[in-house]
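S.K.: Residue numbers (my numbering), protein chains in the order written: chain A, 1 to 243; chain B, 1001 to 1223.
Hints are supplied without guarantee of correctness; some may be wrong.
[What the hints assert, rightly or not] Derived coverage of chain B by chain A (criterion: at least 3 residues anywhere in the stretch with Cβ under 8 Å from a Cβ of chain A; other residues may be distant):
(1) 1060-1074
(2) 1197-1206
[What the hints assert, rightly or not] Within a straight-line C-alpha distance of at most 30 Å, the following computed DSS-like cross-link-like pairs (lysine-lysine) qualify:
(3) B/Lys1089 - B/Lys1074
(4) B/Lys1191 - B/Lys1206
(5) B/Lys1074 - A/Lys230
(6) B/Lys1074 - A/Lys225
(7) B/Lys1089 - B/Lys1191
(8) A/Lys226 - B/Lys1074
Quick caveat, the hints were computed from the structure, so don't treat them as lab data.
Remember, it's a predicted structure, so these values are computed and weren't measured experimentally.
Yeah, the Cβ is synthetic: ideal placement off N, Cα and C, and Gly gets one too.
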Amino acid sequence: MSCDSVQERISPLLDHQLVSAEREDVSAHLQSCASCSARLQALESLRAALQGMNQAPIPPALAMRLRVIASHERWRQLSSISVSVRLRCWGDRAELVFENLMRPLALPFAGGLLSALLLFGMLVPNLSFQHNFHDDLQLAFSSDPDGRLVESLPGEGSPTWLWTRDSVRLEPANAISSRDETVLELTIDEYGRVADYSVSQGQLTPEMQSLILWSRFTPGTLNGKKASGKVSVVFHRHHHVRG
Amino acid sequence: MRVPVATAILDLNPDYSAGTELDDQRLIELLRVGDERAYEELLTRFQQPVYTLSLRLLNDEGEASDVVQEVFLKVFRNIGHFRGQSSLKTWIYRITVNEAHNARRWFFRHRRREVELDTDPYRTRGWREAIPDNTRSPFEVAFDHEQAGIIQAALDRINPVFRSAVVLRDITDLSYEDIAEILGVSLGTVKSRILRGREALREELKGDLKGRLPLRLIARTAE
Ligand SMILES: [Zn+2]
Ligand SMILES: [Zn+2]
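With the sequences and hints as input, model every part of the structure.
M.R.: Set out below in structure tokens:
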């Protein structure tokens, strides 16, 4: 075997990519050729040095940002699932505790701060990834969605009474709401859509479900940017035509 | 009293004990239903190798961090479309290589020029500072931080096509088969890219290191 063809095979030799006959030929040549065996040593050293370069620990700030991204993306995922599941299980009896889904990831490290960040990232999807989180946390000027219904969106499967009549509406809940009112806590995403909801008081009817699913609100803000947030609303049925 | 309305999501959330590593299929299913532990597991498994890969391909911590965020965003958003035609691992690395490639193109167009005219950390820093004294063993030297900088700079100068192959093989430690899948090329092509990449690196380092480093990167009796 010529030196050229041996040197072509040193790299695959290092990776155990040669068939045994080839390997034997190359080994035999290496035993007797100083130039080729020096090349082998050079490539072995290079490879060892490269292998040592896999130790570049991820910056902690990046690891944290990834968790904020993850919680935000998970939140999106849940919102899309829950809306479709809800549409399927129309009028089904409520079973599950939404709070469970909102519980921050229980991580063995970094405890409270990270959990707080996770929850924060979950609720505030528009958090700019370009900035330092600590700054963002300190400078978080936020406003909740105002509970004002902006529009009810016509869409496939949405009942027509939503926009043909003025008899049902959602209004911001105040501290004193009467017993017979249904009080809902809505999570409004940054686009003003209802991302999730739970019933704080009263009974949820399919009519109400329909109303909240097809409604759009004024989103809350965080540092002047639209962000998701929670709002309490009451469901009103007006017996008169204009209220 | 609070009557939560939130749906049958947990019905879709099968329980599994934390601590056991999930197989790809299971992990993907759980990501699709928004299982929080699945998100954490995906990050735990891939954040480090994805970061290292990006950093070695880009040679810039800031750029690498941006790429890593972009990669995981794409992974989370597209997990619903992932059809299992490749392994989760090769899919994620393929996204990483592509993102790094895009970032690098952008980087070169917009930023690298000024950076180079100004201060390139690896090139303006004197070689002498970077070179450890000869009392240290080559082994120690090979893993020395500065040594990594030298090799990183050499990686940076070789053809990106070869660089990706060598980094995936020697730094990320993937098989030829996985690399073929990630780069979308044949095994033969992978083999030749790795070979040529290593040779190119050796050449780069030979020029730079001649007579200065104890590391035997230069074939002593060659030439
Ligand atoms: Zn020879
Ligand atoms: Zn969002």
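S.K.: Checking each numbered hint in turn, tell me which of them this model violates, lowest number first.
M.R.: Every hint satisfied by this model.
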